[in-house]
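Each residue of the sequence shown is one higher than the last, beginning at 53 in the numbering used here.
If you're looking for bench data, these hints aren't it; they were derived computationally from the structure.
All residues carry an ideal CB built from backbone N, CA and C; glycine is no exception.
Certain hints may be false.
[Claimed, not checked] Simulated DEER-style distance windows between Cβ atoms:
no.	residue 1	residue 2	range
1	Asn97	Ile210	14 to 22 angstroms
2	Thr218	Leu66	13 to 21 angstroms
3	Met53	Phe109	25 to 33 angstroms
4	Glu69	Tyr155	30 to 38 angstroms
5	Glu63	Gly101	12 to 20 angstroms
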Amino acid sequence: MPNGSFEEYSECPLTNEIYNGQFERAIGWWPPTLGTPDYFHRCNNDLSGMVGVPNNFWGHQEAFHGEGYVGLVPMEVTNTGSFYGAEYIQTRLNQPLKPCFEYYFSMHVSLTNYASHSLGRLGALFSVDTSFNSNANLDVISRLPQVFYSSGQLSDTIDWMKIDGTFIANGHEEFLTIGYFFEKITND
Numbered sequence: 053m054p055n056g057s058f059e060e061y062s063e064c065p066l067t068n069e070i071y072n073g074q075f076e077r078a079i080g081w082w083p084p085t086l087g088t089p090d091y092f093h094r095c096n097n098d099l100s101g102m103v104g105v106p107n108n109f110w111g112h113q114e115a116f117h118g119e120g121y122v123g124l125v126p127m128e129v130t131n132t133g134s135f136y137g138a139e140y141i142q143t144r145l146n147q148p149l150k151p152c153f154e155y156y157f158s159m160h161v162s163l164t165n166y167a168s169h170s171l172g173r174l175g176a177l178f179s180v181d182t183s184f185n186s187n188a189n190l191d192v193i194s195r196l197p198q199v200f201y202s203s204g205q206l207s208d209t210i211d212w213m214k215i216d217g218t219f220i221a222n223g224h225e226e227f228l229t230i231g232y233f234f235e236k237i238t239n240d
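All chains, please: the whole structure from these sequences, using the hints.
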């Protein structure tokens, strides 16, 4: 997977604007919806504390590996509990997956200091194409990810939590999308 720990960038992230988290500066990654994931890197440790590592507008977190990481809101709900939007990140794999081969995937996540709540089932979807999101909006990408966290809530704000698993590829999957792929938030 290209730039798996978000070390490489086209430009150091400078700030965070409400509709531009400067995620497009992480080389090889893009948001597949209208959601605006945020890019944080140690190259920006200015006094504003907006997009640096370890301090930024979401709180304090050292990078798991290297000097960068990404922040996203996997599922956003309004004060009344209705769905508002979801953010995802996506990349193209270095080579397509082979049919009937078993693959292992892992990633590490951390809940921000300023999160209003936690959730489980954050996951990774491997797909042949990105046509499941042709409307490019804030809707949930409602597909079953091959790997997702199924052991309760991802609620640690201090340490990084590991999400991992194995799966058998159908074959020719060449895109990886990370986010929350379920229509409703549950406690599992």
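Hint check results:
Taken as a hint, the range 14 to 22 angstroms holds for the pair Asn97 and Ile210, whose Cβ atoms sit roughly 20 angstroms apart. The supplied range of 13 to 21 angstroms is broken by Thr218 and Leu66, whose beta-carbon atoms lie about 39 angstroms from each other. A C-beta distance of roughly 27 angstroms is found between Met53 and Phe109, which places it inside the suggested range of 25 to 33 angstroms. At about 37 angstroms, the beta-carbon gap between Glu69 and Tyr155 stays in the expected band of 30 to 38 angstroms.
Between Glu63 and Gly101 the C-beta distance comes to about 19 angstroms, which sits within the given range of 12 to 20 angstroms.
In this structure, only the earlier hint numbered 2 is contradicted, and the remaining ones agree with it.
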